[in-house]
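Residues in the sequence shown are numbered from 1 upward in steps of one, following our numbering.
FYI, nobody ran anything at the bench for these hints, they're computed from the structure.
Cβ coordinates follow ideal geometry from the N, Cα and C atoms, glycine included.
Among these hints, one or two may not hold up.
Ranges of calculated distance between the beta carbons of each label pair, as one might list FRET restraints [said to hold, decoys possible]:
id, residue 1, residue 2, range
1, F188, A223, 18 to 28 Å
2, P166, P137, 17 to 27 Å
3, K125, R190, 30 to 40 Å
4, T74, N101, 25 to 35 Å
5, R191, Q222, 16 to 26 Å
6, P145, N165, 22 to 32 Å
7, A223, Q189, 38 to 48 Å
8, I77, D182, 37 to 47 Å
9, Q136, T74, 11 to 21 Å
10, P145, P197, 23 to 33 Å
11, R190, T170, 47 to 57 Å
Using 30 Å as the maximum straight-line C-alpha spacing, the simulated BS3-like pairs for lysine-lysine come out as follows [what the hints assert, rightly or not]:
id, residue 1, residue 2
12, K141, K125
13, K114, K141
14, K125, K114
15, K141, K154
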Amino acid sequence: MKMANDHTHGFDVAVRLSPLKRLIKKLGVSSLALVLFWGGGFATIAQAEFGSPPGQGTPKSTAGGGSRPPNDATCAIDSSRKETLVALAPSQSIGRTAQVNPALWVQIPPTTAKTLEFSLFQDQKGIYQVNLPVEQPGLLKVTLPPQVQLETGKPYYWTAALVCNPARRTEDWVVDGWIGYDPPQAEFQRRLAQASPVQQVTLYAQSGFWYEALNAYLTLRQAHAGHLSLSEPEARRLQTEAWITIADLLPHSPMSSPADRPR
Numbered sequence: 001m002k003m004a005n006d007h008t009h010g011f012d013v014a015v016r017l018s019p020l021k022r023l024i025k026k027l028g029v030s031s032l033a034l035v036l037f038w039g040g041g042f043a044t045i046a047q048a049e050f051g052s053p054p055g056q057g058t059p060k061s062t063a064g065g066g067s068r069p070p071n072d073a074t075c076a077i078d079s080s081r082k083e084t085l086v087a088l089a090p091s092q093s094i095g096r097t098a099q100v101n102p103a104l105w106v107q108i109p110p111t112t113a114k115t116l117e118f119s120l121f122q123d124q125k126g127i128y129q130v131n132l133p134v135e136q137p138g139l140l141k142v143t144l145p146p147q148v149q150l151e152t153g154k155p156y157y158w159t160a161a162l163v164c165n166p167a168r169r170t171e172d173w174v175v176d177g178w179i180g181y182d183p184p185q186a187e188f189q190r191r192l193a194q195a196s197p198v199q200q201v202t203l204y205a206q207s208g209f210w211y212e213a214l215n216a217y218l219t220l221r222q223a224h225a226g227h228l229s230l231s232e233p234e235a236r237r238l239q240t241e242a243w244i245t246i247a248d249l250l251p252h253s254p255m256s257s258p259a260d261r262p263r
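Kindly produce the complete structure, drawing on both the sequences and the hints.
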């Protein structure tokens, strides 16, 4: 079935669950915590609980094949550099979001692929798909459009596929993640509106909103450094560790004044 560049309806496609997805099914509730470092001081962020996907089964997608190392991908430019495609999502839990149209991030390695296909599923049904141009290595942001709104209490599965060979989609390089919408409380929204950019990262983390904490952190990092990029170890750490130490990812120079530090 030929796909257009942007889809907001169901589509009939096939993707294998990676070993990571099988591991997720066996896990119960996992936790994620962020430790933030601001201008030499530490602020320990409370643990946030995330639930594991409740028996989703294998979603359907146009992209065949699962996530694999770069030396097995036909579109990896230099597999000896050990750079790979990374979905910036919790690897052992559903990442919570406070937005009905959240932003998601993918780390793109050096590749000959010209297109990344993003797909979103709910209960094994494809509800949105878009093809994005791949212009250079680095972080790629995917924001769900207004017509695609996440619903409360439903786990969503998403995939990002580098189209290595348009004529043989079984050669796609695929990564995946989970996301769930949890409406923020009024008190949280009030505090967020009054918070500085640094404090917003902390508030999102304290409330367990994984995707917003990541997005706010990356936005802050871009404003400080003048560009937006993550090294391969940084991207992998964000994806795989239950305890994420943002302190180690931030530039060593101060990013806030003492007045901005969370209390």
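Violations among the numbered hints:
Those not satisfied come down to hint 7.
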